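Here is what each chain is made of, one letter per residue.
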Amino acid sequence: MTILYDTQSLLERYLTKLVRNPTLLATNLVTPVIFLVLFSQLLTKFGEFIPSTPGGYLAYLTPGVILLNAMISAPLGGVSLANDLNSGFLSKMLLTQVRRPAILLGRLVTDMTMAVAQSIITIVAAVLMGVQFSTGVPGILLILLTVAFFELALSGIFLTVGIRTRKTETISALSGVLFFPLIFISSAMFPISFFPSWAQTISSYNPVSYASDVTRDLVVGALSFNSLASGYALIGVIAVLTFAATMFQFRKVVS
Amino acid sequence: MEDISFSVKEGEFFGFLGPNGAGKSTTIKVLTTLLRKTSGKVHVSGIDLDKSPGEIRKSVGVLSQETSLDVDLTGWENLHLQGRLQQMSGQVLDERVEELLKLVQLEDVAKKPTGRYSGGMRKRLDLACALIHKPKLLFLDEPTTGLDTQSRTAIWEYLEGLNKNEGITIFLTTQYLEEADRLCREVSVIDHGRLIASGTPSELKESTGGDTINLTLEDLSLRPKAREILRTVPGIVDVMDSDGGVTAYAKSAGQIIAGVITSLDRAGIHPTFLSISSPTLDDVFLRKTGRRIRADELSRRETEPFLM
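As given, the protein sequences belong to chains Z and U, one line each in that order. For the first sequence, this note's numbering assigns the number 18 to the initial residue and increments by one for each residue that follows. For the second sequence, this note's numbering assigns the number 8 to the initial residue and increments by one for each residue that follows.
Chain Z extracted, bound-state conformation (with noise of 0.2 Å):
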């Protein structure tokens, strides 16, 4: 037995619980659909100011809304970890042979499943609405390899935020206020060009930025080792430091 067992046993009660609440999977599966549909038709015009993106604004922003929905999904995982602290139900796992970094892991291979089956749906959507992915299926798959270890990071923010406050009203709350600024002053919704000078220049420091720019670039660009590498090793670096303070965290909780 390893601690593959258990992140594996822990990953199947997480997604028996998702598959029984339907309200909440259907809204985490439909959100991308809308989103897509909503910003693209509103804001079809956009198209004009961008001659140099092939597709249009559709194209242009596919890749924010595959990052938004990882963004929204985030705070699930602190959720359910806050719920766990506040049921009893982590001391019980805590009382049992399983190993202490499975329930994290667990809880975070759940996040990124959730975040890869809304890009999938997302991709789907908008090949459906035209747009053409100029890197063909392995960059579709190199685009879900960027949102998983894109969720990865944020997750962990909010397990952290999770042990901490043992409150799901704190993690609703600061998810509201971090991922606005987060995702609007980024290049992930519109081309920083666009904005004033000052959100040109936390745009450019902003995470957010380097993961959408990695993902535009694999749908309406072409493979370039580049900008991959920039993009990868940023958001490797806030997965690692996200985690590693998760389990700093955790580890006080538990000892």
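Where hints are given, some of them may not hold.
With a cut-off of at most 27 Å between alpha-carbon atoms, the simulated DSS-like pairs for lysine-lysine come out as follows [claimed, not checked]: (1) U/LYS109 - Z/LYS34; (2) Z/LYS34 - U/LYS143; (3) U/LYS118 - Z/LYS34; (4) U/LYS141 - U/LYS16; (5) U/LYS143 - U/LYS44; (6) U/LYS36 - U/LYS58; (7) Z/LYS269 - U/LYS58.
If you are wondering where the hints come from, they were derived from the structure by calculation, not from laboratory data. In this text, all values refer to a predicted model and were calculated from it rather than measured experimentally.
We have chain Z already, so just place chain U on it with the hints.
What follows is chain U alone, placed relative to chain Z:
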């Protein structure tokens, strides 16, 4: 908890009796590796708690006070997950799950989400979870608190069976006297984090000096006078104030009750209610602390009332 020291033998049914807030749950949390102790030595199943908490988790099962099940999962799924977390798998686990569902009589509802279970059903499933990996030692933190009489009796029967037939050592905390009295062969009474008495239930009860005579007085200012008179009655060993009146202790209360009534009558004290009872664990607690364990326990005590 302060200065607590006790040992429980293998195969024992051991009870930790005390009122709310006495430190019972804290003790269990320390013993089962959930809480860190500030000082002292603990060995569970012969394993040093400081050296190998993981080994302890392998050999003990724990039923926490608050029932913790995943309400989205079915009874079968909860039990199965618990088994997997205890490193079981395959056919061995499947068979164990069926066996336990049968034991706690939840086979019929095994496929329903536990969110739809009643309190008693949840407790029974939680007990099954604690047993999944065949622990040698079972910790139960107030297993029947908040349950109806029927569920309580069912839990008692399972526990008696586990101890008798499978030789599982049981460590139980409770605030219910009848629970400790019925189940435990060895009892420690605690209050405010301190051990105040230990022994078998009958030893403890004998230590109170025999039967109790409970007097209810309408005018509580008569207490000192009543105490004084009762002390002069031959056969009475001790007198204490109790809620609503005074309590006297005597070896054989039935034989001296006439004398008690006459003496009180002569002094002009007319109790509104008088009862004789054989000693309970509550009397043990009362004699050591001057308080009852819980006021609502009084109504459930077996008494033989004498109306005057």
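Hint-by-hint comparison with the structure:
1. U/LYS109 - Z/LYS34: 25 Å, holds
2. Z/LYS34 - U/LYS143: At roughly 32 Å apart (the allowed maximum being 27 Å), U/LYS143 and Z/LYS34 break the hint.
3. U/LYS118 - Z/LYS34: Roughly 14 Å between the alpha carbons, so the hint for U/LYS118 and Z/LYS34 holds.
4. U/LYS141 - U/LYS16: Holds. U/LYS141 to U/LYS16 sits at ~18 Å (cutoff 27 Å).
5. U/LYS143 - U/LYS44: Roughly 23 Å between the alpha carbons, so the hint for U/LYS143 and U/LYS44 holds.
6. U/LYS36 - U/LYS58: It holds: about 17 Å lies between the C-alpha atoms, which stays within 27 Å.
7. Z/LYS269 - U/LYS58: With Cα atoms ~19 Å apart, Z/LYS269 and U/LYS58 stay inside 27 Å; holds.
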